[in-house]
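Trainee: Working from the sequences, and respecting the hints, build out all of it.
Protein chains in written order, with my numbering: chain A, 1 to 176; chain B, 1 to 475.
Please keep in mind that the hints were generated in silico from the structure rather than gathered at the bench. These figures come from a predicted structure and were not determined experimentally. Check before you lean on any hint, since a few could be wrong.
[What the hints assert, rightly or not] Okay, the calculated beta carbon distance ranges per label pair:
hint, chain 1, residue 1, chain 2, residue 2, range
1, A, VAL88, B, MET409, 20 to 28 Å
2, B, TRP413, A, PRO97, 30 to 38 Å
3, A, ASN154, B, ARG206, 34 to 42 Å
4, A, PRO83, B, TRP205, 50 to 58 Å
5, B, ARG17, A, PRO57, 34 to 42 Å
6, A, PRO57, B, LYS113, 15 to 23 Å
[Unchecked claim] For lysine to any residue, the following SDA-like pairs were computed, each having C-alpha atoms within a straight-line distance of at most 20 Å:
hint, chain 1, residue 1, chain 2, residue 2
7, B, LYS211, A, PRO130
8, B, LYS294, B, LYS461
9, B, LYS294, B, MET437
10, A, LYS132, B, LYS207
11, B, LYS211, A, ASN127
12, A, LYS132, B, LYS211
13, A, LYS132, B, THR225
14, B, LYS207, A, PHE125
15, B, LYS211, A, LEU117
16, A, LYS132, B, LEU195
17, B, LYS211, A, GLN174
18, B, LYS211, A, TYR128
19, B, LYS211, A, PHE120
20, B, LYS30, A, ASP13
21, B, LYS30, A, PRO135
22, B, LYS461, B, SER11
23, A, LYS132, B, LYS294
24, B, LYS310, B, LYS294
25, B, LYS30, A, VAL10
26, B, LYS211, A, ALA173
27, A, LYS155, A, ASP6
28, A, LYS132, B, ILE212
29, B, LYS4, B, LEU16
30, B, LYS211, A, PHE125
[What the hints assert, rightly or not] Cβ-to-Cβ under 8 Å is the rule here; a few derived chain A residues that face chain B:
hint, residue
31, VAL40
32, PHE68
33, GLN91
34, LEU109
35, SER123
36, MET131
C-beta atoms are modelled at their ideal positions from N, C-alpha and C, and glycine is treated no differently.
Letter by letter, the chains look like this.
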Amino acid sequence: MAEKVDLLAVFPDLEPAANAVERLRALGVHDDRMNVISGVPVTEAMLGRAPQWTNVPRIAMGGAILGFGVGVFLAYIAPFLYPYPIQVSTQGFVPGPPTAVVLFEMTMLGMLLSTFLGVFLESFFPNYRPMKYLPEISDGKIVVFFECAYAEENKITDALKKLGAESVRPAEAQPL
Amino acid sequence: MSDKQHHAEHSHEEHLREKHLMLDPLPRGKMNEMVMEAMLAKPTWKWWLVFSILAAIVAYGLFYKWGILIMKGQGEAGVMRPDYWGIFLVNTVFWIGISHAGTFISAILRVFKAEFRRPFTRAAELMTTFGLVQAGFSVFMHMGRVWLAYWLFPYPNQRMMWPNLHSPLTWDLLAITTYLLSSTMYLFLPLIPDLAMARDRSTGWRKNFYKILALGFRGTEGEWTHLRHAMNIFAFAIIPVMFSVHTIVSWDFAAATRPGWNSTIFGPYFVIGALHSGMGAAIAVLAVIRGTMKNMSYFIRGEHFDAVGKLMLIISMGWAYFFFNDYMVQWYGGDKWTQQLLHFHEAGPMGWMWFAMLVCNIVVPWAILWNPKWRATPWLVATVGLIINVGMWFERYIIIPVSVTINRMPFTWKLYKPGIEVPMSIGTVALFILLYMIASKLIPLIPVWEVQEGQMAHEFKKFGRETVVTVSELE
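Mentor: Right under this line is the structure:
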């Protein structure tokens, strides 16, 4: 028999879910072994959990730098690649204002594309494997998934039910 | 507290609940059910009739006529010396303008935490994407040899010649591509949780459809955190992109030393014009959604028409300010050709359009939108929105084909008369509506999770003897 068991507790609201997180911690379940799933963005502070790490802003910054690089290529280098250089009126060969436009657009495109891809990378999207989930979550229920010692299961179940859990049961991966 | 006071307070709260969606919460499951019911409702014969008519218009006006244009050449259109820029470019500018409302409503109102935006951000974001599709079609129509469109892309051809990156037309490509891609991504990100909701409630092919699009979203803390950060980045970054797009479009004209075009104020004038037409179109779309889809009167209420109506009024005043500013400076400058052009605008054969533009863009919105009761009447505000769009289309028509009639070579002056452009233009309008109709059956038009988030943040609080509404900052 496995020493550890995966459970899920279904809560009707945020307050009992936050209390449950605190209680689980008191009962020895480490934060790394818990995951809260909700149908609305519930912040870590509301749940009394440590802030979630995200690399999305860094990936966005990386994309902006890459986009800027493409802009530099198009604005500064491409004009020198023409077999017959184009001189527009009395403008310099690489004039400032048009260069600013190209740099701006490419930087923004790089940043926004990478932000979008960042969500995919960070969330492991797309992911079509069976996962631990309950459809009731998108109906507003808040579900706390956690892993605990098999010997603790009954004690934790009782404690969570006292805090308002509608049900506490084994969590199983299922096709979404 | 006496019974009378208690009753008065209770009825005050009830009144506020009826008026404001954020104060009138329903259980999340119920709201999901309402949105799904609206989406899955079996189309009526009226729906199919409208759909068929629009599809026929698109097939004939857009694709058949476009085929004729491609086979026979641009001579089929009314563009010829001196009017080489005709309705296709009027439509391009018009549709890009329409697309601005999506970003304005979704990004700017999100940044400023305007709560009334919540139920209709998606309908507005769809407008951005669908509007830009029409703008893209219009550019390609103008291009003539559309199969060579790839020449625009910044890479060298076999003669090692790159597109001229000093040209506003090339900036257009970069700006519009950036805007189309970013607005589509910005539409998709907040849609993911609602697609997951639809996935949880669907069967058959729809289940697979939503399952694929929802990407495996469950709503974990990590997924929400990544999504929240991405949406914040998008909301802030897409605003300057939006401004840049229409400013660059304005430079297509302003960078030329033509009478009537060479204006330093064209950038902001175009941006405010884009918002003017975009907000008008957004309110019309909202009225149609509310009037034709099930359960939508719960989500889209008089308060939303009132709020957007106020914005329309302010934007109309801004447009009037920029129009007069541009007109005043050109008029005062005394340049011979500019004077001729201004006279041609007002007293020439298209003078009726110039005056109609002022009536549609200024007189009608000012006459109606000042009144809070009228502003909260969906059909009335939607009608004003449509009238503004007529006015803004006239404005673009005056700026482009009417203005290029008058140049510094009077022997070339000839009024533009559109030909094949007319059915093709009607085809783009039909395609825009058609795309909305299809979208209304495929994706949840109401961002339910955003509505619920807003409702969680609102509550009644007593200050002394008065009950007021307070909003917590949850985002």
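Trainee: Against chain B, run the beta carbon of PHE68 of chain A and see if the smallest gap drops under 8 Å.
Mentor: violated (13 Å)
Trainee: Going straight from one Cα to the other, do LYS132 of chain A and LYS207 of chain B come out at no more than 20 Å?
Mentor: This hinted pair holds, its Cα atoms lying about 18 Å apart.
Trainee: Against the 20 Å threshold, does the CA-CA distance of LYS132 of chain A and LYS294 of chain B hold or violate the hint?
Mentor: violated (33 Å)
Trainee: Are the Cα positions of LYS211 of chain B and GLN174 of chain A separated by 20 Å at most?
Mentor: Holds, at roughly 13 Å.
Trainee: In this structure, is the beta-carbon distance linking ASN154 of chain A and ARG206 of chain B contained in 34 to 42 Å?
Mentor: Given a distance of about 41 Å, which is inside 34 to 42 Å, the answer is holds.
Trainee: Need the status of pair LYS211 of chain B, PRO130 of chain A: alpha-carbon distance at most 20 Å?
Mentor: Cα-Cα ~12 Å, so holds.
Trainee: Need the status of pair LYS30 of chain B, PRO135 of chain A: alpha-carbon distance at most 20 Å?
Mentor: With Cα atoms ~14 Å apart, LYS30 of chain B and PRO135 of chain A stay inside 20 Å; holds.
Trainee: Decide if the proposed pair is consistent with the structure: LYS30 of chain B and ASP13 of chain A, CA atoms, cutoff 20 Å inclusive.
Mentor: Since the Cα atoms of LYS30 of chain B and ASP13 of chain A sit roughly 15 Å apart, the hinted pair holds (cutoff 20 Å).
Trainee: For a C-alpha distance cap of 20 Å, please report whether LYS211 of chain B and ASN127 of chain A respect it.
Mentor: Within the cut-off at roughly 10 Å; holds.
Trainee: Given the hint that LYS294 of chain B pairs with LYS461 of chain B, test it: the Cα-Cα distance must not exceed 20 Å.
Mentor: violated (33 Å)
Trainee: Below or equal to 20 Å on CA atoms is what counts here, so check LYS132 of chain A against LEU195 of chain B.
Mentor: The hint holds at about 18 Å.
Trainee: Can you confirm whether the C-alpha distance between LYS211 of chain B and PHE125 of chain A stays at or below 20 Å?
Mentor: holds (12 Å)
Violation of the numbered hints given earlier is confined to hints 8, 23, 24, 32; the remaining hints are satisfied by the structure.
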